[in-house]
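Student: Using the hints provided, position chain B relative to the given structure of chain A.
Residue numbers (the numbering used here), protein chains in the order written: chain A, 1 to 127; chain B, 1 to 316.
Derived by calculation from the structure, the hints in this document are not laboratory data. Bear in mind the structure is a predicted one, so any value in this text is a computation, not a measurement. Errors might be hidden in some of the hints.
[Unchecked claim] Only pairs whose alpha carbons sit at most 27 Å apart, straight line, appear in this in silico DSS-like list of lysine-lysine:
hint: 1; chain 1: A; residue 1: Lys-16; chain 2: B; residue 2: Lys-8
hint: 2; chain 1: A; residue 1: Lys-29; chain 2: B; residue 2: Lys-307
hint: 3; chain 1: B; residue 1: Lys-29; chain 2: A; residue 2: Lys-10
hint: 4; chain 1: A; residue 1: Lys-10; chain 2: B; residue 2: Lys-8
hint: 5; chain 1: B; residue 1: Lys-307; chain 2: A; residue 2: Lys-10
hint: 6; chain 1: B; residue 1: Lys-314; chain 2: A; residue 2: Lys-10
hint: 7; chain 1: B; residue 1: Lys-29; chain 2: A; residue 2: Lys-29
hint: 8; chain 1: B; residue 1: Lys-29; chain 2: A; residue 2: Lys-7
hint: 9; chain 1: B; residue 1: Lys-314; chain 2: A; residue 2: Lys-29
hint: 10; chain 1: A; residue 1: Lys-29; chain 2: B; residue 2: Lys-8
hint: 11; chain 1: B; residue 1: Lys-8; chain 2: A; residue 2: Lys-7
hint: 12; chain 1: B; residue 1: Lys-314; chain 2: A; residue 2: Lys-7
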Amino acid sequence: MTDLGIKFSKPGYDIKTATIANQGFNSEKNSIKIALTGTVTSTLASGGGAETHNIDHNFDFAPGFLVWFEIDGNGIWYFMHTPGVNIDYVNCDPYSDTTHLVIPLVNNGVSQHIIVVYYAILADRGV
Amino acid sequence: MTKNYGIKISRPGYDVFTANPDELVFSSKYTSLRVRLQGSGTILDSTGRTITIPHNLGYVPYFLVHATPDPTLSGFYDTGDFFIPPIVPVVAGACHLERQIYAYADNTNLYIKVGADLGYKFFSTGAVGFSPTSTDYARSYGGEWEGSGTFKIGRKESKNYEGAMRFINVGLAKNQGIVSATWIINGVNVTGNQTIRHRLYGIDEDNTANFSDNPFGRSKTTASDNFGYTCGSAPATINVGVTGIVQEIIGRNGWSSGNAMGFILKAEGTNSDNNTYITTTSGEDNNFYCSGSSLRILLSDTLASYKYTIFYNKIE
Numbered sequence: 001m002t003d004l005g006i007k008f009s010k011p012g013y014d015i016k017t018a019t020i021a022n023q024g025f026n027s028e029k030n031s032i033k034i035a036l037t038g039t040v041t042s043t044l045a046s047g048g049g050a051e052t053h054n055i056d057h058n059f060d061f062a063p064g065f066l067v068w069f070e071i072d073g074n075g076i077w078y079f080m081h082t083p084g085v086n087i088d089y090v091n092c093d094p095y096s097d098t099t100h101l102v103i104p105l106v107n108n109g110v111s112q113h114i115i116v117v118y119y120a121i122l123a124d125r126g127v
Numbered sequence: 001m002t003k004n005y006g007i008k009i010s011r012p013g014y015d016v017f018t019a020n021p022d023e024l025v026f027s028s029k030y031t032s033l034r035v036r037l038q039g040s041g042t043i044l045d046s047t048g049r050t051i052t053i054p055h056n057l058g059y060v061p062y063f064l065v066h067a068t069p070d071p072t073l074s075g076f077y078d079t080g081d082f083f084i085p086p087i088v089p090v091v092a093g094a095c096h097l098e099r100q101i102y103a104y105a106d107n108t109n110l111y112i113k114v115g116a117d118l119g120y121k122f123f124s125t126g127a128v129g130f131s132p133t134s135t136d137y138a139r140s141y142g143g144e145w146e147g148s149g150t151f152k153i154g155r156k157e158s159k160n161y162e163g164a165m166r167f168i169n170v171g172l173a174k175n176q177g178i179v180s181a182t183w184i185i186n187g188v189n190v191t192g193n194q195t196i197r198h199r200l201y202g203i204d205e206d207n208t209a210n211f212s213d214n215p216f217g218r219s220k221t222t223a224s225d226n227f228g229y230t231c232g233s234a235p236a237t238i239n240v241g242v243t244g245i246v247q248e249i250i251g252r253n254g255w256s257s258g259n260a261m262g263f264i265l266k267a268e269g270t271n272s273d274n275n276t277y278i279t280t281t282s283g284e285d286n287n288f289y290c291s292g293s294s295l296r297i298l299l300s301d302t303l304a305s306y307k308y309t310i311f312y313n314k315i316e
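Looking at chain A on its own, in the form it has when it is part of the complex (with noise of 0.2 Å):
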């Protein structure tokens, strides 16, 4: 097979020179790929309340995914899962498997939430 492949610079960088951190683009290099994106709401009860959403992605292999997460509509996303008592102890602990995206989320706190989960799954390999 040809040995062939294609790179793009950042501007004003030289192609032919340009190190790997100055280059939009790499055919050696993989890219990260979304795949699927999209949202899950559950109105979880405090002191426990629980609900696991699993989400198809037709892939064979476990993928790789990015997930953000929202609380009562107050227009602040949070990374993967909780910082714990700044969040009223609601934890969302995502993981997949050859499957599905799996999005557990519980709340442990005191009052009632709406807990808005929007994900990524990623076209590559989680490992």
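Tutor: Frame of chain A; chain B shown alone:
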């Protein structure tokens, strides 16, 4: 009719016609992460525990943050390493402390925040349980002893009470640099509404012994400060700055890490020079009881380092 055109580029060694999605480095079928802004910095106690980074996108973007954990913790954490927040350390016996680092975004800014307790070392009196009394750590005297090992300051039944508190196993090296030291006194009961005024000293000893004898006659530090607390309807937590006093004690020739140190609130001077208890009504009770206490030390103004990437991709 929309044509199904596109571009695919496979990884080296893979045929682009048969490559699986994870064997492609690019496919126009998939969205790419596009970087809007990257940066790094440090979070200082002196300039605030929240970093605000404007992104000017008008919507909530994807973001990633990496940060170093609490510099006062050791073991699992290596302070030279960068973790993805939230970083929520598990500290035995201190689960109530806010030592986490976390990040969040809205449609205006990315925020990187450290908890209120991150960066602090805490030392205790060794007391266990609610409102304990022990001459190991506390005494109060106002012409007569107030209980056995009770900490009380102020005026009761026409007597002015002084208080002393002792902290054990203080893990500060001799002459160790500190940014600040705070003696935190947790109130359990308060009487009256006037101001208690005392003079604050440290006990000028290498490893001050328990208070089974009279601690008020022990040598006092040169460093001292005015102390004032206005009584009220509810007991409160009093934060007393003791930075200079702690520096003087740990600067003693005989000081070593793990020793005990103590503080004294003396009712000295007169009612007119702010150095003693003041009341306008003779015999009126104005006093403050303590249920527990801790000594909080900030070792470094630098709390955490962080690196961030904000993407054009939109959370929607």
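Student: Hints first: check each against the structure and report whether it holds.
Tutor: Hint check results:
no.: 1; hint: A:Lys-16 <-> B:Lys-8; result: holds, 23 Å
no.: 2; hint: A:Lys-29 <-> B:Lys-307; result: holds, 22 Å
no.: 3; hint: B:Lys-29 <-> A:Lys-10; result: holds, 23 Å
no.: 4; hint: A:Lys-10 <-> B:Lys-8; result: holds, 21 Å
no.: 5; hint: B:Lys-307 <-> A:Lys-10; result: holds, 21 Å
no.: 6; hint: B:Lys-314 <-> A:Lys-10; result: holds, 23 Å
no.: 7; hint: B:Lys-29 <-> A:Lys-29; result: holds, 18 Å
no.: 8; hint: B:Lys-29 <-> A:Lys-7; result: holds, 19 Å
no.: 9; hint: B:Lys-314 <-> A:Lys-29; result: holds, 24 Å
no.: 10; hint: A:Lys-29 <-> B:Lys-8; result: holds, 14 Å
no.: 11; hint: B:Lys-8 <-> A:Lys-7; result: holds, 14 Å
no.: 12; hint: B:Lys-314 <-> A:Lys-7; result: holds, 26 Å
No hint from the list above goes unmet by this structure.
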